[in-house]
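Student: Those protein sequence lines, which keep their order, are chains A and B.
If you're matching positions, the first sequence starts at 3 in the numbering used here and goes up one per residue.
If you're matching positions, the second sequence starts at 464 in the numbering used here and goes up one per residue.
Just so you know, the hints here were simulated from the structure itself, not pulled from any lab data.
Possibly wrong hints are sitting among the right ones.
Unchecked claim - Distance ranges between label pairs, derived from CB positions:
id: 1; chain 1: A; residue 1: Ala463; chain 2: B; residue 2: Ser954; range: 44 to 52 angstroms
id: 2; chain 1: A; residue 1: Gln440; chain 2: B; residue 2: Lys913; range: 42 to 50 angstroms
id: 3; chain 1: A; residue 1: Ala295; chain 2: B; residue 2: Pro851; range: 53 to 61 angstroms
id: 4; chain 1: A; residue 1: Gly58; chain 2: B; residue 2: Asp519; range: 50 to 58 angstroms
id: 5; chain 1: A; residue 1: Trp410; chain 2: B; residue 2: His950; range: 26 to 34 angstroms
id: 6; chain 1: A; residue 1: Ile294; chain 2: B; residue 2: Glu528; range: 50 to 58 angstroms
id: 7; chain 1: A; residue 1: Glu63; chain 2: B; residue 2: Pro532; range: 25 to 33 angstroms
id: 8; chain 1: A; residue 1: His60; chain 2: B; residue 2: Trp475; range: 33 to 41 angstroms
id: 9; chain 1: A; residue 1: Val406; chain 2: B; residue 2: Pro532; range: 24 to 32 angstroms
id: 10; chain 1: A; residue 1: Val43; chain 2: B; residue 2: Trp475; range: 38 to 46 angstroms
id: 11; chain 1: A; residue 1: Glu63; chain 2: B; residue 2: Asp519; range: 51 to 59 angstroms
These numbers were taken from a predicted model, which means no experiment stands behind them.
Backbone N, C-alpha and C define an ideal beta-carbon position, used for all residues, glycine too.
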Amino acid sequence: MNYSLAELVPLLPEIFLLAMLSVILIVDSMLKDSQRVLTYVLSLLALAGCTWLTFGGHQSEPVHAFSGMFVDDTLADALKLVLYLAVAFMLVYSRSYLQARGLFRGEFYALTLFATLGMMVMISASHFLTLYLGLELLSLSLYAMVALQRDSAVASEAAMKYFVLGAIASGMLLYGMSMVYGSTGSLMLTDVSVALQEGAGQKVPLVFGLVFIVAGLAFKLGAVPFHMWVPDVYHGAPTAVTLFISSAPKLAAFAFSIRILVQGLEVLHTDWRDMLVLLSVLSMAVGNIAAIAQTNIKRMLAYSTISHMGFLLLGILAGNQNGYAAAMFYSVVYAMMSLGGFGVILLLSRQGFESEELDDLKGLNARSPWAAFLMLLLMFSMAGIPPTVGFYAKLSVLQSVVEVGLVWLAVAAVLFSLIGAFYYLRVVKFMYFDEPLQTAAIEAPGDMRLALSLNGLGILALGILPGPLMSLCLIAVQSSL
Amino acid sequence: MFGLPPLTLVIWVPILGGLAVLATGSDRNAPLARWLALVAAALGFLVAIPLYTGFDVSASAMQFEELVPWIYRFNINYHLGVDGISMPFILLNSFTTLLVVIAGWEVIRKKVAQYMAAFLIMSGLINGVFAALDAVLFYVFFEAMLIPMYLVIGVWGGPNRVYAAIKFFLYTLLGSLLMLVAFIYLYFQAGNSFEILDYHKLAIGMNAQILLFAAFFLAFAVKVPMWPVHTWLPDAHVEAPTGGSVVLAAITLKVGAYGFLRFSLPIVPDASHELAWLVIALSLIAVAYIGLVALVQADMKKLIAYSSIAHMGFVTLGFFLFNPLGIEGGLVQMISHGFISGALFLCIGVMYDRLHSRQIKDYGGLVNKMPVFAAFFMLFAMANSGLPATSGFVGEFMVIMSAVKVNFWYAFVAATTLILGAAYTLWMYKRVVFGKITNPLVEEMQDLDKREFLILGMLAVCVLGMGLYPKPFTDVMHASVDNLIAHVGQSKLP
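Using the sequences and the hints, build the whole thing.
Tutor: Printed below as a string of structure tokens:
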């Protein structure tokens, strides 16, 4: 097979990021601690460059590379652009937190960018192996990031747990893929899809493989009953890493699910739909109910993530473009809300003080009305109360399940979100109705304040005008699937 | 005004005013925040007046319509319009907001800007609820108005405010979430449309109608509130600051009743007829049983809260009798109750500001120290018990008249309110105002100041005016109510 350099054009953002990564690794090794800010700036520049390349290289028709193992379509471009933004916000939020804890080192940035690269590969994969490669690049970087605080026992335990369970999930995923390969004779998503349409393979091994794949996916998304790692990892990891795990990888996990389930195995829709219904209902139930009992805000948000993933699955299981677009919108909105939520927690942390308990939010309105207002918006958005964007995210997934006739599922979803509203309201209660337990001034660098304000106001602005983002998601899905 | 459409103005003037007030920041700028809030509230009321003066009473269609595409993907529009049913409530709401701002002038001392802003923003959102003709737009306003009220109760409320605020929020959310599912279902039935007026024309099978009715019923019955989902209201009222109680009683309860007229009756008329017995039964229980409950309350605010539930029972009773007199009676009762309950909560606020107690037993002999106040309080208490020549009489009389036509026993039970209402209101009045002064603190109480005189005076004019000459209020409703009755009379079964 002849390679021409032109074939690599769709990969330009990935190649650029890898090159920048190498540069950062080398530059960082020569920097003194006081100059470490350069690593931070270079990382942001790398993301900016990727944005430019992805934006500039966008084509309305899907472009393939590496004999079809890699695809650059509108869906991938849209998700990648959001991904860069999410990672950039995360870097801005976490800088002062890392500096205060001696974690402001090159490794953090290198691992973040490696994870980003992994996510980009996942988003653009059109082959089971590419998907797997991207996933592992992401996961291995995350395991290391969780353990970044070497002397923290909680963090090490979380990393260990994450690694062991993650490895099992990857194993299941591979096992499932091998069964699909055995039945259809291909690992290329499009070929698998065609083979399935032609009736290749026996039903039993195929569905068997599907079960393993869905289990692996559910683990990566953090859906019940594969959610056990989520609260521990969220709790144990340094907050900056929790922030990362809870935001951008959800976008990649969404892309991963869409690529496998829709582009590869759409023929088996009726089979995976029932599995997802179960996962979704359980996630919403366990996530929302368990979150009520938490006193640690990171654990609370972990359970909240689980319930949000249940909602996201609603869109996917609807099994039509409307539903996929709704799920995509949900994942983008969720990433945004999660960034903001953990951003406020980072804002409250300072030198020698981890803001982890819900009590730390008490009286925030008296200490910093602006931060309290932003958190208020974020909490109402997570609860799905208009006029915040979280409402439209819920509206569109509910709309897609009602469209396919699953009204009972929509009713169940809203009832669980009612339960969920309680603990979000409780956060607002702590901030607004209670007196502060501490009076230390809230200090944060200007870039973080600006980013957090943009993040919070974005929730409100998109809540007032959600139309363009929704249409964008629909266009991305329609032109790519 | 300024070439801008009036409905957009009544929604956004208070909201933007509220944001401006919020921007004044800390309590150092409290005077500025107060004046700015007053200006915004006054402007909000001024821009609402053209809705009345420009209203065509002969038309039953929507007026002052505005239609701007909002979210293309789901065909959601920024669609506003009012008819004779919704327009009076926008005026009532804008008027009440003005009162609330004045009432909170000196009373609220902490976080003044946030307090005023919450009420202004809430006022705009409530106007949006009454003006929205798109289901999602309606839902957005309907839910969003919970946020400021939640904060008002929780931040400026009494000792048990957290419980009351969360209960208030979750109760209301429970009902409205199911309504959201109902909207989405209707969206597909109506061929991808969230237009409320499209839903009115839609043919729906009986089973679906019953389910839709149940979803709407839950949403609005909680809001009204009807027995047995009323328990959040006494808690919310007792804990809320005076302004919060006024807005709750005068306006937000009306949103629920309005929902019955805008959604339940026209969208699912057959189910409404089928299940009217249930609503009537619950309404009569509210009138009679809750009236008795009100009788034994020791807390004045709680008493008025229960009295509100009983009066709102009249409203729902009137609606589900399906004749023009009943529905108009219900609407008149809603407006009148807006004035009277607002006034009574303000009266209690006046007393509370002086004595810091809402317990009836702490008062007594007030007339000796506060004769002007006692006169006002007397008027509103009489109006609450339905005395002729006050607004309280008109609506109750219309509903009872219309109930007689349908079933004598409905009217009989409903008429007990004339006894019970008089009993609990006047008995409370007697214990608070007359008798000997037993509490030495009452000795030191001052009569109304100018500010309090102004607000109670304005409300007294409204209560008497509406009681003596209700025609301006009923005139605007006629065409829309007749249209609604005609619509509800037709079966929508496919």
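Student: Glu63/A and Pro532/B, beta-carbon distance inside 25 to 33 angstroms?
Tutor: Once the Cβ atoms are compared, 29 angstroms apart, the range 25 to 33 angstroms for Pro532/B and Glu63/A holds.
Student: Check the following: the C-beta atoms of Ala463/A and Ser954/B are separated by a distance inside 44 to 52 angstroms.
Tutor: Once the Cβ atoms are compared, 45 angstroms apart, the range 44 to 52 angstroms for Ser954/B and Ala463/A holds.
Student: Can the suggested window of 53 to 61 angstroms be confirmed for the beta-carbon pair Ala295/A and Pro851/B?
Tutor: The hint (53 to 61 angstroms, Cβ to Cβ) holds, given that Ala295/A and Pro851/B are roughly 57 angstroms apart.
Student: Taking 33 to 41 angstroms as the hint, is the beta-carbon distance of His60/A and Trp475/B inside that range?
Tutor: holds, 37 angstroms
Student: For Val43/A and Trp475/B, compare the CB-CB distance with the range 38 to 46 angstroms and indicate the outcome.
Tutor: Because 42 angstroms falls inside the window, the suggested range holds.
Student: Measuring from beta carbon to beta carbon, are Val406/A and Pro532/B in 24 to 32 angstroms?
Tutor: The hint (24 to 32 angstroms, Cβ to Cβ) holds, given that Val406/A and Pro532/B are roughly 26 angstroms apart.
Student: Taking 26 to 34 angstroms as the stated bounds, is the beta-carbon spacing between Trp410/A and His950/B within them?
Tutor: For His950/B against Trp410/A, whose Cβ atoms are near 31 angstroms apart, the range 26 to 34 angstroms holds.
Student: Taking the beta carbons of Ile294/A and Glu528/B, is their distance inside 50 to 58 angstroms?
Tutor: With Cβ atoms ~44 angstroms apart, the hint is violated.
Student: Is 50 to 58 angstroms a correct range for the gap between the Cβ atoms of Gly58/A and Asp519/B?
Tutor: Given about 57 angstroms between the Cβ atoms, the range holds.
Student: Can the suggested window of 51 to 59 angstroms be confirmed for the beta-carbon pair Glu63/A and Asp519/B?
Tutor: holds, 55 angstroms
Student: Are Gln440/A and Lys913/B spaced within 42 to 50 angstroms by their CB atoms?
Tutor: Hint holds: Cβ distance 44 angstroms, inside 42 to 50 angstroms.
Checked against the numbered hints given earlier, this structure breaks only hint 6.
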